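Work out the full structure, taking the sequences as your base and the hints as a guide.
Residue numbers (our numbering), protein chains in the order written: chain A, 1 to 313; chain B, 1 to 313.
The hints are simulated quantities; they were obtained by calculation from the structure and are not laboratory data.
This structure is a prediction, so every number in the text was calculated from the model and none was measured.
Any given hint could be a false lead.
Since copy identity is lost for identical chains, a pair holds within one copy or between any two.
[What the hints assert, rightly or not] Think about it this way: if two alpha-carbon atoms lie no more than 20 Å apart in a straight line, the pair counts; the simulated EDC-like pairs of lysine to aspartate or glutamate are: (1) K150 - E256; (2) K281 - E236; (3) K34 - D204; (4) K218 - E256; (5) K218 - D46; (6) K26 - D37; (7) K106 - D273; (8) K218 - E236; (9) K53 - E100; (10) K90 - D37; (11) K26 - E170; (12) K90 - E256; (13) K179 - D288; (14) K280 - D156; (15) K90 - D288; (16) K150 - E269; (17) K150 - E170; (18) K90 - D204; (19) K26 - D46.
Protein chains: 2
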Amino acid sequence: MNEIYSIGIDIGGTNTDVGLVNGNGKVISRANIKTGDYHDAVVYVDQISELIKQLLQNVDSALVSGIGIGAPAANYYSGNIENATNLNFKGVVPIRSLFEERFPYKVVFTNDANAATYGEMIYGGAKGMSHFIMYTLGTGIGSGIVIDGKLVYGADGLAGEMGHAILIPEGRECGCGNKGCVEKYASTSGIVLNCLELMPQFPDSILCSVPFEVMTGKTISDAAKKNDPLAIATYERTGYLLGIALANAVTFSSPEAIFLMGGPIQAGEVFLDPIRRSFKKHKLFIYDREIPILLSSLPTNDSAILGAAALTR
Amino acid sequence: MNEIYSIGIDIGGTNTDVGLVNGNGKVISRANIKTGDYHDAVVYVDQISELIKQLLQNVDSALVSGIGIGAPAANYYSGNIENATNLNFKGVVPIRSLFEERFPYKVVFTNDANAATYGEMIYGGAKGMSHFIMYTLGTGIGSGIVIDGKLVYGADGLAGEMGHAILIPEGRECGCGNKGCVEKYASTSGIVLNCLELMPQFPDSILCSVPFEVMTGKTISDAAKKNDPLAIATYERTGYLLGIALANAVTFSSPEAIFLMGGPIQAGEVFLDPIRRSFKKHKLFIYDREIPILLSSLPTNDSAILGAAALTR
Numbered sequence: 001m002n003e004i005y006s007i008g009i010d011i012g013g014t015n016t017d018v019g020l021v022n023g024n025g026k027v028i029s030r031a032n033i034k035t036g037d038y039h040d041a042v043v044y045v046d047q048i049s050e051l052i053k054q055l056l057q058n059v060d061s062a063l064v065s066g067i068g069i070g071a072p073a074a075n076y077y078s079g080n081i082e083n084a085t086n087l088n089f090k091g092v093v094p095i096r097s098l099f100e101e102r103f104p105y106k107v108v109f110t111n112d113a114n115a116a117t118y119g120e121m122i123y124g125g126a127k128g129m130s131h132f133i134m135y136t137l138g139t140g141i142g143s144g145i146v147i148d149g150k151l152v153y154g155a156d157g158l159a160g161e162m163g164h165a166i167l168i169p170e171g172r173e174c175g176c177g178n179k180g181c182v183e184k185y186a187s188t189s190g191i192v193l194n195c196l197e198l199m200p201q202f203p204d205s206i207l208c209s210v211p212f213e214v215m216t217g218k219t220i221s222d223a224a225k226k227n228d229p230l231a232i233a234t235y236e237r238t239g240y241l242l243g244i245a246l247a248n249a250v251t252f253s254s255p256e257a258i259f260l261m262g263g264p265i266q267a268g269e270v271f272l273d274p275i276r277r278s279f280k281k282h283k284l285f286i287y288d289r290e291i292p293i294l295l296s297s298l299p300t301n302d303s304a305i306l307g308a309a310a311l312t313r
Numbered sequence: 001m002n003e004i005y006s007i008g009i010d011i012g013g014t015n016t017d018v019g020l021v022n023g024n025g026k027v028i029s030r031a032n033i034k035t036g037d038y039h040d041a042v043v044y045v046d047q048i049s050e051l052i053k054q055l056l057q058n059v060d061s062a063l064v065s066g067i068g069i070g071a072p073a074a075n076y077y078s079g080n081i082e083n084a085t086n087l088n089f090k091g092v093v094p095i096r097s098l099f100e101e102r103f104p105y106k107v108v109f110t111n112d113a114n115a116a117t118y119g120e121m122i123y124g125g126a127k128g129m130s131h132f133i134m135y136t137l138g139t140g141i142g143s144g145i146v147i148d149g150k151l152v153y154g155a156d157g158l159a160g161e162m163g164h165a166i167l168i169p170e171g172r173e174c175g176c177g178n179k180g181c182v183e184k185y186a187s188t189s190g191i192v193l194n195c196l197e198l199m200p201q202f203p204d205s206i207l208c209s210v211p212f213e214v215m216t217g218k219t220i221s222d223a224a225k226k227n228d229p230l231a232i233a234t235y236e237r238t239g240y241l242l243g244i245a246l247a248n249a250v251t252f253s254s255p256e257a258i259f260l261m262g263g264p265i266q267a268g269e270v271f272l273d274p275i276r277r278s279f280k281k282h283k284l285f286i287y288d289r290e291i292p293i294l295l296s297s298l299p300t301n302d303s304a305i306l307g308a309a310a311l312t313r
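As structure tokens, this is what we get:
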């Protein structure tokens with residue numbers, strides 16, 4: 001069998017990464033540009049197209065399955081970036097058709113969390129699963145849902161925004177306009193807020209000397225490695241809350257497993273253990289099998305490119 | 001075209017209703033037995049089978065699409081009733097195979113909320129929709145989810161239990177072992193509890209003279225018709241909480257519409273208006289189209305039979 005190659009493009013607020021992915025799910029060559037350097041979407045797409053041509057130089061075009069693109073505020077159905085808050089391109093940008101005009105390949109476009117979900121299904125730990133959910137934890141919380149082996153897009157291409165499910169009615173104000181979203185309790189900034197909330201109970205913590213404006217997820221994760229009690233309590237609280245959110249998601253689609261990826265997960269067992277305990281405690285009793293909470297098995301640096309490339313498979 | 005007939009069976013804790021449904025979704029004849037009169041599942045199925053034979057007396061068996069069965073604690077994949085809490089049949093009862101042994105027809109078996117969802121899709125207001133969610137409000141809260149025109153069963157046949165999503169972490173104790181489930185705030189008993197919680201604020205309400213042990217959803221609904229301020233506040237509070245739960249469900253599957261059915265909905269606008277207002281307020285802004293909250297369009301008395309019959313279509 002001839003090897004099938006895919007192009008994966010990860011459009012981020014800071015960088016745009018482009019990679020050539022082989023049939024085994026390995027990124028065999030890559031390139032990137034600074035997204036913020038571009039203010040005109042056409043110039044931006046032209047530049048990426050140049051990179052793609054270079055990556056494909058020695059590849060038979062008959063063996064290319066397509067170009068997959070993951071982006072924030074991406075709409076799968078329309079192929080547009082729509083009102084992205086962290087990109088220079090304002091309004092509606094027809095990313096998919098700009099690439100379709102430039103290449104003879106299939107172009108598939110979706111949001112970054114959905115791409116990550118696809119990557120896990122095609123190349124990662126969810127290979128062979130028909131039902132799973134992915135949460136991507138970072139500055140915000142994204143999610144992707146697979147049912148019967150298919151990504152759920154919903155009526156408008158915007159399904160799977162469980163970071164904005166309301167976990168604590170009338171809780172913390174979220175940028176989306178609601179209060180108490182999961183994202184405000186379990187994203188990087190949510191973890192910092194949990195830490196601040198618990199701080200008065202741990203006056204001896206090394207974190208008490210860190211000003212709020214410089215406190216990050218990494219500060220807390222580093223403190224946890226030194227067994228700081230406030231850092232540990234912060235992950236306990238965060239894991240407790242996230243575990244409830246995951247248990248709630250199970251009442252929806254009853255998945256085989258839930259996957260987690262992203263920065264906060266790098267804290268390791270100090271965070272994962274309370275997530276798993278809370279999930280187990282709150283999982284509805286009728287789901288009397290194990291539903292494992294798994295980490296993405298894709299290499300962190302390549303996962304976004306792999307996810308995008310997987311869309312074409 | 002020859003008319004296609006289906007048999008719908010609704011197994012409830014009190015009654016088991018059996019109906020013959022025509023191609024237009026009308027129940028053209030029906031019969032019932034008392035579920036509680038039977039302690040042996042085989043005798044019970046034999047008795048239902050007799051009723052079915054009578055209903056099918058004048059129908060050409062070539063025109064029968066099958067037998068659909070809705071039941072509590074039903075597992076679609078296994079075809080079993082599993083550990084039902086409100087039936088005499090304990091443990092695992094192979095309902096589907098008991099019917100398959102007795103009839104040459106396709107037999108489809110699922111839980112009652114899923115059957116109601118199917119009924120709405122085939123015969124009711126969701127005809128032609130690919131993405132919608134149904135909530136059945138009653139003693140508990142059931143739900144069914146349709147994505148891409150298919151009912152979501154999940155890995156084990158038990159998807160769609162959103163009545164047990166946790167709405168208020170550490171809230172009211174639920175029979176499922178968790179605390180704060182949607183069901184404890186928006187089912188019939190949840191509404192009564194909301195009323196009790198608000199009672200001290202409304203000492204002049206006519207409901208203050210009603211003992212807890214006899215207070216029902218109907219008591220509160222009747223009081224609302226007399227403009228009792230506590231009853232109105234109870235529906236306002238319940239609608240507020242249910243509206244959040246519905247908005248959360250949208251972040252999962254981004255449906256075209258959400259359907260409601262069941263006793264509490266009979267209260268009418270005094271309940272529906274606050275549900276809709278809260279839903280609109282809490283619906284994530286990216287879903288910037290109308291997602292209507294609709295009532296089931298199936299006749300209340302026939303909806304369970306129609307839902308079960310629809311499973312065969």
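Verification of the supplied hints:
1. K150 - E256: both (14 Å within a copy, 19 Å between copies)
2. K281 - E236: within (14 Å within a copy, 31 Å between copies)
3. K34 - D204: For K34 and D204, the Cα distance exceeds 20 Å both inside one copy (42 Å) and across copies (66 Å).
4. K218 - E256: The answer is neither: 31 Å in one copy and 41 Å across copies each exceed 20 Å.
5. K218 - D46: neither (36 Å within a copy, 66 Å between copies)
6. K26 - D37: neither (28 Å within a copy, 64 Å between copies)
7. K106 - D273: neither (42 Å within a copy, 46 Å between copies)
8. K218 - E236: within (16 Å within a copy, 43 Å between copies)
9. K53 - E100: within (14 Å within a copy, 60 Å between copies)
10. K90 - D37: within (14 Å within a copy, 67 Å between copies)
11. K26 - E170: Classified as neither: same-chain Cα gap 45 Å, cross-chain 45 Å, threshold 20 Å.
12. K90 - E256: neither (39 Å within a copy, 27 Å between copies)
13. K179 - D288: Classified as between; 18 Å across copies, 32 Å inside a copy.
14. K280 - D156: So K280 and D156 pass the 20 Å test across copies only (17 Å; inside, 33 Å).
15. K90 - D288: Between. Shortest inter-copy distance 17 Å satisfies the 20 Å Cα cut-off; intra-copy 47 Å does not.
16. K150 - E269: Neither: 31 Å inside a copy, 38 Å across copies.
17. K150 - E170: Classified as neither; 34 Å inside a copy, 34 Å across copies.
18. K90 - D204: neither (47 Å within a copy, 56 Å between copies)
19. K26 - D46: neither (25 Å within a copy, 60 Å between copies)
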